[in-house]
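Engineer: These protein sequence lines are chains A, B and C, in that order.
In this text, residue positions in the first sequence follow our numbering: the first is 750, and each later residue adds one.
In this text, residue positions in the second sequence follow our numbering: the first is -11, and each later residue adds one.
In this text, residue positions in the third sequence follow our numbering: the first is 3, and each later residue adds one.
Some hints could be false.
Unchecked claim - Quick look at which bits of chain C chain A covers, simulated, 3 or more residues with Cβ under 8 angstroms:
1) 120 to 134
2) 251 to 261
What the hints assert, rightly or not - What follows is a set of in silico ranges between Cβ atoms, one per label pair, in the way DEER data are often shown:
3) C:Pro117 to B:Leu52: 41 to 49 angstroms
4) B:Leu52 to A:Arg898: 48 to 56 angstroms
5) B:Glu16 to A:Arg898: 45 to 53 angstroms
6) B:Ser540 to C:Arg109: 42 to 50 angstroms
Derived from the structure by calculation, the hints contain no laboratory data.
Here a beta-carbon is modelled for each residue, glycine too, at the ideal position from N, C-alpha and C.
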Amino acid sequence: MCSRFRTASAVALAVLLLAGCERERREYHAAPTQAPGTQPRLSTLQPGADQATPASAIGRHYENNAYHVSQGSKWYRWFNCNGCHGNGGGAIGPALMDARWRYGGSIDEVHASIMDGRPNGMPSWRGKLTDQQAWQLSAYVRSLSGNVRKDAVPSRLDGMRSTPPLTQLPELDPEGDDPSAHTVPQP
Amino acid sequence: MSAPAAPVFPDDEARDQARKELAATWGERPGFIGWLATVDHKRIGRRYIVTAMVFFALAGALALVMRLQLMFPGGHVLGPDRYNQFFSMHGSAMMFLFAVPVMEAVAVFVIPLMLGTRNLAFPRLNAFSYWVYLFGGIMIFVAFAMDVGPEGGWFGYVPLTGPEFSPGKRTDFWAQMITFTEVAGLSVSVALVATILAMRAPGMTLRRIPLYAWSMLVTSLMVIFAMPAVMLASTFLISDRLVGTQFYNPAEGGDALLWQHLFWFFGHPEVYIIFLPALGMISSIVETFARRPIVAYPAMVLALVATGFLSFGLWVHHMFAAGLPPAGNGFYTAASMMIAIPSGVQVFCWIATLWTGTPRRVPGEPGRQRIAVPLLFVLGFFALFVLGGMTGVMVASVPLDLQVHDTYFVVAHFHYVLIGGAVFPLIGAFFFWFPKFTGRQLSERLGRWSFWLMFAGFNLTFFPMHRLGLMGMPRRVYTYPSGLGWELPNLVSTVGSWILAAGVLLFVLNVVRTLLVGKPAGDNPWGAPTLEWATSSPPPPWNFDEAPVVKSATPLWPPGRLLPVMTGLARHKREALVTSSTDAVPAVRWALPDPGIWPLWSALAITVLFVWSIFQAKGVAWGAIPVAIALTGWFWPKRSQPSLGGAKEK
Amino acid sequence: MSRLRGWSVAAVAAAGTCGCNRIQSALAPAGDQARDIGTIWELMLWICGSTYLLVLVALAFAMLRGHGDGHRVAGERTIERGLAGWVLLIAGLLTVLTAASFAVDRRLHATPENPLKIQVTAKQWWWQVDYLDPDPSRHLTTANELRLPRDRPAEIQLRSADVIHSLWIPALAGKEDLIPGRENRIVMTPRQTGDFRGQCAEFCGLQHAKMALDVQVLEPAAFAQWRNAQLAPATSPVSASARHGERVFVSAACALCHRIRGTSAGGVSGPELTHLASRRTLAAGTLKMDRGTLAAWLADPQAHKPGVDMPAVPMSARDREALVDYLMGLR
């Protein structure tokens, strides 16, 4: 093999190795959390209200990490999110698998909803869940609507089948919703 | 000390002319392209061996680091995640990337020579197999370096390796690596079976096939039956992880034990696939150095075949703790004990061969008495493998296994049978066949030093593990508490691992030094009886000037006798003789392919398909297109046809 | 060959000269099942050991005395008769070993009389231990420790909540896997009182190495006393600090995963903590149970057992002190 080819491939390999793989990193200690305080949008009668807000760096970090999404799936069952949201299809709480987000569908807004609580029954989990757990849960919730990269998402959980394979879901970009339009969550 | 062929050429000039024609026909394309496009089994075999030994060194280095971590309780060399990746890579690389491929690699080089034919059957398939193996091995090591290495052990039990408990793509890379290595292994096995059954030298009846060739025949048939099981298992796993099927999900009708059955149905024959070729190598070495054919040849062959058959009926002994019905477990105890009988037969026959032979006489040096290095490694095999076999009988018993399963006792057992039973004979075989591979002879002195360092280091490393297991230390633990008496055996084991590594390093240095400045070897430096020693060292690309004919199981003995040959094979095109399966009566002159680049393209296309399908299901469909194109190019009909002319014996 | 023997003697001696703590050793059986298995071990050691030495001696003879004429084929009949004899010998010895193995296996699986019924559920990476009782109010749930009465067989039902684990208490019995979707069972009959240690023996993920089980075999009376004490709800905190600690426990994240009977904390995802301070270890054998380690564990579980599901709950140092006071009072 000619030496130039060998040098070039060695350099390329080194670059790949040093870049590492964000998706696969296992972080057991919480990442530093300077979560931006987001204000929930209470009305769609604002310019630009129908746009989904972009995620913060922290949110993107959690959203793109397979370990965090997997942990989120565990918290979803352990802390009984099913009690109101079903397995994502919704029950007395709104569905999490669709494109409608009353208080915003980006990961930061979902995180804020979990921590702050929301009107009509969403409890506030601040002080009960750690910040990292809430981020992990938000990442999992995002995956239910196909909004997490498919190589970071578990296809199914062990146990009775509760969602379609998450690796096969189409991406449902969050759309805004006027809360006054629906009094009962759509199935 | 070669056996000169019967004088078919009227004079030297005619012989040189014949060789020139053969060189023109069997020559390789020059340069890098020629290197990529070769279908010469010797070149492919050599690079296969080198690649396998590189993986051996890498996997061994992983083990050295693991032993550093376990040297003291509460070690901080590796964290739990990295340690789990290390032991998973160590096991996977050793089993999938070293042990089976290296055995196949030696066979790829030696078998056509030993059978007196010009090339392996299906030479392009052989080349393809190497590239697929190489790309699969590179893929998993790159993944490992990028923190995406497997973390579920080499055996990957579900549900731990399922989609819920192994997030990300780590396990997917591992499962796909299995697919790569199985494709490679199956390809070589198919070629070996065809060669051994259909391309032997005329006159090499079943009764005259060398025991090494028998061992490779049985091994290759075992590969063909066993590897599909693990391909199925890993494909089910990939499917569960990628598209959410429920094969291993008990809540939806799947079963966690399904994985274990499928995996171990392959996994148990796998260890015999690694072990049987070593048995064949030992027969070659013992025969040569005892200066007599192996005692009770039919019993030896039957022992090989019996081991091959029986090994398919043992797999549940890996699952004795899984809660299967006791009556069923008892059957597998009996079967696992029974397989000791053929091995015992072989050990008896080898010892009897040595007893009635002259093992300490050195060929060509009448006064001196010493044990040649290949035989030294075989003696090491006896000491180590038989001990491993004894602990194997112990773990075959259900009650005892319920205590030692998944402990360091089992780690000790399988290292004794794998290193003692396969690696020691392999190194001995390297010393034995090195002159044939390269034309030079390895240093005896360095060889003896390597042997004793490896032998001592190996025992220091693994013997204490028997006691560790009985004292309660489980496997696959990244650390252990102090106060249970495990500190000293672990420390001794780690120090032993350095000595073992020194022995291996010395062997590598021996090889490198010999390749640079080693003394050239003649055709048959050991005075061995089989056909590979009837040609030059290293052999020319066409192996033999004329097809040798055999009249006994030891065709080159007694030394000095002329070796009959069969003339008539064409020299202007690539051809080999195909003979009948049982009596090796010549049947057709079979056309062999010229070198070509299509096997490499096909391997690249398959790599793209496999790696793409780790990430996306549609990779299976779209990735099949380049594969189809490459295979079409490969199989496009050429002008040369197999010729049906007869051949004459002289 | 003699060199190997020398090495193995040295290795065994080296391995044996440890101030051996034999609480997790299969070579120090303290129960019926472990003793039965011990008899198989000894039988194997004798038979396999002698056969091994026989092979080595034969090999040594062959190498030292090999003087055949190389290509002579005389003596084949003797060799064949020797081979037949050898095969019969091995087959006979293997038959003996197989029969002994069957016999002991039957004993291990014999139905026990009046067993103590226990259910162990393995989770990543701790053990939930339930003492079953026909009276539901006497059902006891605890974690990471197993206390057994001497001389009474304990029939343990084995389940897993996530991946495959394996329960192994070498001093008492062999191991059995805990497989999701299956219920396995194992019987242990301890015959000596004392402390023992079990460990998970099937690779179950990141902290497989730190999934131990604290086992104590007690006199039957002591066992009954312990069980009744465990059934009682948690002791009410006495000091002001401990009362504050109870409030912290119930109102912060702790109650989401842990249960303390007698308080409103009712989480079942994590280990039950009603009588936490009566246990001798923390985090499935990872740490000893005392104030200092408990405080360190609460401050940062990930530092001691990275990957475990318990998070580091942010709280002030005062709150943590109070929590430790409360928890150390839960005897």
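Engineer: Give a verdict on every hint.
Structural biologist: To see whether the hints hold, each was checked on the structure:
For the segment 120 to 134 of chain C, the stated coverage by chain A is violated: 0 residues have a C-beta nearer than 8 angstroms to a C-beta of that chain, whereas at least 3 were required. Here the segment 251 to 261 of chain C counts 5 residues with a CB under 8 angstroms from a CB of chain A, which clears the bar of 3, and the coverage holds. Range check, Pro117 of chain C to Leu52 of chain B: about 47 angstroms between beta-carbon atoms, so the 41 to 49 angstroms window is met. Restraint check, Leu52 of chain B to Arg898 of chain A: a C-beta distance of roughly 37 angstroms breaks the suggested window 48 to 56 angstroms.
Distance hint for Glu16 of chain B and Arg898 of chain A: a CB-CB separation of about 46 angstroms, consistent with the stated range 45 to 53 angstroms. In this structure, Ser540 of chain B and Arg109 of chain C break the distance hint of 42 to 50 angstroms, their C-beta atoms being roughly 56 angstroms apart.
The structure fails to meet hints 1, 4, 6 from the earlier list, while all remaining hints are met.
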